[in-house]
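Visitor: So you can see what is in the structure, the chains are spelled out below.
Protein chains: 2
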Amino acid sequence: MRTLCTSLATAETGSAVTLEGWVHRRRELARVTFLVVRDRSGLAQVVLPPGTPVPPEETTVRVTGTATANAQAPGGVEVTDAVVELLTEPAETPPAELWRPSLDVSLPVLLDHAPVLWRHPAQKARWELAAASLRGFRATLDGLGFTEVATPKIVESATETGSSVFEVDWFGRPAYLAQSPQFYKQQLVGVFERVYEVGPVFRAEPHDTVRHLAEYRSLDVELGFVRDHRDVLAVLREVLAGMVEEVASADEAVERTGARVPVVPAEIPVIHFADALTLVGAPADEPDLAPEHERALGAWALAEHGSDFLAVEGYPMAKRPFYTHPQPDDERWSNSFDLLFRGLELVTGGQRLHRASAYDAAIRARGEDPADYLAYLQAFRHGMPPHGGFAIGLERWIGRLVETANVREVTLFPRDLHRLAP
Amino acid sequence: MRTLCTSLATAETGSAVTLEGWVHRRRELARVTFLVVRDRSGLAQVVLPPGTPVPPEETTVRVTGTATANAQAPGGVEVTDAVVELLTEPAETPPAELWRPSLDVSLPVLLDHAPVLWRHPAQKARWELAAASLRGFRATLDGLGFTEVATPKIVESATETGSSVFEVDWFGRPAYLAQSPQFYKQQLVGVFERVYEVGPVFRAEPHDTVRHLAEYRSLDVELGFVRDHRDVLAVLREVLAGMVEEVASADEAVERTGARVPVVPAEIPVIHFADALTLVGAPADEPDLAPEHERALGAWALAEHGSDFLAVEGYPMAKRPFYTHPQPDDERWSNSFDLLFRGLELVTGGQRLHRASAYDAAIRARGEDPADYLAYLQAFRHGMPPHGGFAIGLERWIGRLVETANVREVTLFPRDLHRLAP
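For the protein sequence lines, the chains are A and B, in the order given.
Be aware that the first sequence starts at 1, since it is given in the UniProt record's numbering, and climbs by one per residue.
Be aware that the second sequence starts at 1, since it is given in the UniProt record's numbering, and climbs by one per residue.
The hints are all genuine.
If you only want the chain A side, here are some residues facing chain B, beta carbon under 10 Å, derived:
(1) Trp22
(2) Thr60
(3) Asp112
(4) Ala114
(5) Arg135
(6) Val149
(7) Val168
(8) Tyr184
(9) Phe202
(10) His354
(11) Arg355
(12) Tyr376
By construction, these hints were calculated from the structure, which means they are not laboratory data.
None of these values were measured; they are calculated from a predicted model.
Note that beta-carbon positions come from the ideal geometry of N, C-alpha and C, so glycine has one too.
Isolated chain A, as found in the complex (with noise of 0.2 Å):
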């Protein structure tokens, strides 16, 4: 009966015990030598007898012993008497040591040994987060009725949001590589009325920042019956604070991550686009806000609200896709939303058209066809209510939370315009 390396804390004084895990870090000294040993609760302390062969770190073995109380150990047992089974060859030296404090490695060594060196506690932490976050957005939702689904991410047409796409053979036609669930989740309020989905999403922009990725988990909501971008806003709150909860909850790993763990506000603070251009000093006909005045708004958020949120609404409807609802006072603004957490965009979510009529209105507008949009606009000429959404970026929540420079040391296996590897 395998043991947990932290459950050894809890063994009866004397009691044989078996560990099975890595072999973290050995320490040979003078008289004695010491395995630390991980596995998937955490690290344990093993005290091997003189002249036992001393299996390489991130070895896999299987140690039978006895707990013994030790109060240097972690959890103040270790295990002694100890014999060493090898579950595999001995292991390759790895391309970091592993046991040491912080992985202090350059990005392209972390992410071209990324099977290895997420392995580092304080490394696999930071995904530990990302986990926790995917529990309490679903459980959040969940609660208040809405139905996760499952949409196609081959799509027929590249028509969506006018990002670049990515191109896919479809047994000898032209598909591409969905940039959004958007024209699903809507057809699927129809439905559920509420639904949501955690999803890849890709994107050919060839851009090469630190915030961007060209495969990404979109955490994306819709729900129908809204009033206006305000209900969205409110339903969004409620995700993150349940976020929160859970991240806050996987305490160990914040600890291990020194993530600053943020307080939803019980409102989230609201500034319109064009009030915000004026507090960051732009100028009044600038169509978007610059990452450096998304920064400068997150400094004010946090000085004059004490929030790490800050939602900034009305975004000019010629930056908006065509789907977007309009700011029904002044049309040259829309009920759409970026919410930036810390000073950079995390969220961007809104009201959408409900009616077919402004639809037909709206893609023509575009110079295109609506029977283009056939499939899609089945729903909206069978009815649908008003309704609005938002998506996430999971990779970018992960890294303002653990507040690292560059989203790829939050993503697992990042795929951008140079990497395709591991």
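Go by the hints and put chain B onto chain A.
Guide: For chain B alone, kept in the frame of chain A given last:
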């Protein structure tokens, strides 16, 4: 304040209520007109005052009126003195009458009009079972110490399983859609020991059968420190039990779909591949089970063990992927299994090789060069435990649960050789 249709039953008689939803059905009688309104919770009955214009079915409406007891209304309460406000233009006539008890349309009509026909309560309930299954899958694995991961869907090479792959134009160079997260979930066992992922997988095999899709949802699990594939099967048993528990608790969806909820036996019966061949009267050198063999084995498991599930272990090594662990006492066979659910292959799983040297040998035996698998093999050279895992096809699971002929009938927007839209 909106009242959900099914909450109307608990509204105080005489109180003002507001419903929001779709016109599910209109019934114009000589002296009175009824509207049945549908929202995410279910149906409610509205009595329209004489002379009120009646919106067509599927139009989205806001109904304000008075909650009034009526034993014949759903839930015993209906809305009277109703004022109906249209939220969009009147809807076009749907491709089938969604208020009829069953959706009696051909498969092409169902698929072409998916965005509208999924609204039928019995059709929608099929996917609600899928969503419930996902909840059960994750909750079980979270409870067993698994970490949810996200692996790339775009990969550099097409070497994994030998199935056909879709090629992607990746910034001008060829890449491929992942056929499964197999290589990545194994590497991540090296990090987290126990991992799972729910995600799309892509198969370019030009199968045009009732049980194949070109894109489907794979529920992938992988775990370290197993003795053999029987440990993997034991986790699969727990996962299936968790999925069934959540499905059973979605009792309305079960009733609407007519799903037969299975009992997961405390231990899933197992038969060796060689014995399975004998049992179905197939030649002893058959390398695989044909669909009719699977059906016969399913019938046998039910008759012999009272089980809807049967694991067939020991599949010939010649037919399994190169990373498969052989059966230690007879290397013609493998430590792998297929799980049949009601006579259909639902899950493939097993123990994998874990020694770097075993990978080198297996890859060379295929006439390939281990250097072509550099990224993948990193994990093994740096210490991997004995491990294994499995993958469940979500659509097949739901298909068997509700006993549909074609897996496309339970997929929101299926993709196959012929279909890329809607």
